[in-house]
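Participant: One-letter residues, chain by chain:
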Amino acid sequence: MVSGRELCRAGVAAALAMVLPMTALPGVAAADPVKVGLVSTLSGPSAVLGQHMRDGFLLAVKEMGGKLGGQETEVIVVDDELKPDVAVQKVKGLLERDKVDFVAGVVFSNVMGAVAKPVTANETFLISGNAGPSTIAGAGCSPYFFSASYQNDQNHEVLGQYAQQKGFKKVVLMAPNYQAGKDAIAGFKRHYKGEVVEEIYTPLGQLDFSAELAKVAAAKPEAFFTFMPGGMGVNLVKQYRQAGLADTIPFLSAFTVDETTLPATGEAALGFYSGAPWAPNLDVPANKAFVAAFEKEYGYIPALYAAQGYDAAKLIDSAIKSTGGKLSDKEAVRAALKKADFASVRGNFKFNTNQFPIQDFYLVKVGKRPDGKVETMVDEKVFSNYGDVYAVKCEMK
Amino acid sequence: MSTTLLLVQVLNGLQLGVLLFLVAAGLTLVFGVMDVINLAHGVQYMLGAYLMVTATALTGSFWLGLPLALVAALVLGLVLERLVIRPLYGRDHLEQVLATFGVILFVNEAVKMIWGAAPLSIPMPEALSGSIRLMDGLNYPVYRLALLAAGLLVAGGLYVLVTRTRSGMLLRAGATNAPMVSALGVDITALFAKVFAFGAMLAAFAGAMAGPILSVEPGMGDGLLILAFVVIVIGGIGSIRGAFVAALLVGLIDTLGRSFLTDLLKLVLPPSDATQAGPALASMSVYLLMAGILFFRPRGLFPAPA
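Heads up: the protein sequence lines correspond to chains A and B, in order. Quick note on numbering: the first sequence equals residues 602 to 998 in our numbering. Quick note on numbering: the second sequence equals residues -7 to 298 in our numbering.
Since the hints were derived computationally from the structure, they do not count as laboratory data. Quick caveat: nothing in here was measured; it's all calculated off a predicted structure. We put the beta carbon where it would ideally sit given N, CA and C, even for glycine.
Derived CB-CB ranges, DEER-like:
1. E981(A) <-> A138(B): 34 to 42 Å
2. L871(A) <-> S264(B): 32 to 40 Å
3. K889(A) <-> M276(B): 48 to 56 Å
4. Q780(A) <-> M276(B): 18 to 26 Å
5. S53(B) <-> E981(A): 36 to 44 Å
6. D128(B) <-> E981(A): 25 to 33 Å
7. Q780(A) <-> P115(B): 34 to 42 Å
8. Q780(A) <-> L261(B): 20 to 28 Å
Straight line, CA to CA, 25 Å or less: simulated DSS-like cross-link-like pairs of lysine-lysine:
9. K258(B) <-> K770(A)
10. K794(A) <-> K258(B)
11. K258(B) <-> K790(A)
12. K940(A) <-> K922(A)
13. K927(A) <-> K693(A)
14. K258(B) <-> K821(A)
15. K889(A) <-> K982(A)
16. K771(A) <-> K258(B)
17. K821(A) <-> K771(A)
18. K982(A) <-> K794(A)
19. K966(A) <-> K897(A)
20. K821(A) <-> K794(A)
21. K790(A) <-> K982(A)
22. K927(A) <-> K940(A)
23. K783(A) <-> K258(B)
Bound-form chain A, shown alone (with noise of 0.2 Å):
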């Protein structure tokens, strides 16, 4: 019954979308402006997450004279609070009522796995700016869905690689209890042969580490790798430094020391190491200008969300620019898309067969500048022009 109901709204939404672009497009190119929808995590405890995407995002668009691929451009912010129902509802409300040409952002994954489907059935283009789940870059790949971040595995995939080049021979593995924690200790492991004496889960949203980290010390290991995001990690940073255990024992990490934590760990921080494509000193010139204007306009280091919402915000710019403004031709914008004609700030950029990212990836360690603040800095490059291990299992063309 219900999916009967929905089928016919559908068809009436269908029809529409096929008349109303057809009796507005002479105007077009003059009058409408490119719509885009960003959906970001605005509210509740990771929302410094979405802003920095968001932040990037709009200084892109502001850049370039509040343009995108030289037409007007309506940026339409919504917060997806972190919950997929909600993101869903309002991911809808951009398809239905604003009949927006791209949907762009997207923090985390769980919001992702919820609005993919709606907007890529919509054949509306998605521009991830941080999700990538293995299931879109497998399997479950799009021809509407373009990644300008990264596969979730392969930040964790530097750090198993680093620790296997290193020769570490013990290490203990610590994420919290849920999906992308088990993902990020699988993802360490896969370039990681040594032996890997603890594997600790912990409740999400612990905040005291002490218990755990005393087992870190008893098992003596050659590095410890973390996936820690948000509180978590600043709380574990912290914890782990006052224990003394990062004099001795290596703090590998993804996603839990960057300019997100940074402000609140501090110098406890210091010499503390992640897995990135991106760090603000990365050593390309459209990143320097970026860094210098993000830093002006917003007084804080960007993080490497703010990085992939400008960069997503750019690939769009391109590929607007390549087809003309003729957004209505799908294929088209597509090949546009593919070609990722533009200056990533990450430097080398190029579209994979699943529409993920091949780049480069970096062990960052954090460093102070010479103007007293704490940033991660490129250490040492990991991977060159890397792509994920679930491309293959990507069927499309």
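Take the given structure of chain A and dock chain B to it, following the hints.
Facilitator: Just chain B now, with coordinates in the frame of chain A:
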């Protein structure tokens, strides 16, 4: 599993317990004495931490910042009592839950607007920033020991306050039969306001003290609030002594469960199953404890006299 590691983990458990006690003490007073379910107690803990961030930044010192933050928390507690809690006395618990839940949403957003969404931190006081080597490769921050001591001191102080002073007597009397105390000429409204503000200050003290080891962020009190409710239910609602015993019990069970359950399970299960089941069981352990205690003592370990 060495004895040293076990001792370290017991210490960790006690320290978590003391932190829980500081939060639960105020909650149990407000619940027991005033019969108000105050879900906003967690945000008072958070506010304490945020006020401490500002106070230490203003004064440049932990020791000057602490009393400043506590006074500010006390005042905010009085304001909250006047605006939100007072109209709720004698009302249905559900209405209290709704109203104080609204306060959580409001304060969490307000904090984000004032201090920003990014986690903040409180610098550790110079005098307590050292550490003691407890076992090979592990230092124990002196600050954590100080936190433990501070919690024990507060517990002792509260015990004396409630059982040995005139205010404590009124407090107990008010809890047993408020209309009667009122009829004897005691201003019960003022007493409740004081109790509420005092509870808010205790929570703020916990937040301010936890700041240097934990991150200060919006919503930081929400998780702790649930544990605090577990503590006061186990301890017996309204009982400070119960809250103290239950907080230590919960702290120990939680910490030891997290530390050793996976290893224990490995003795009987294949390692991969143990790493799956261990953390799940560990996060359940506190609630299992609560269910077990309530089965044998439905009104908690130290029920207040009826």
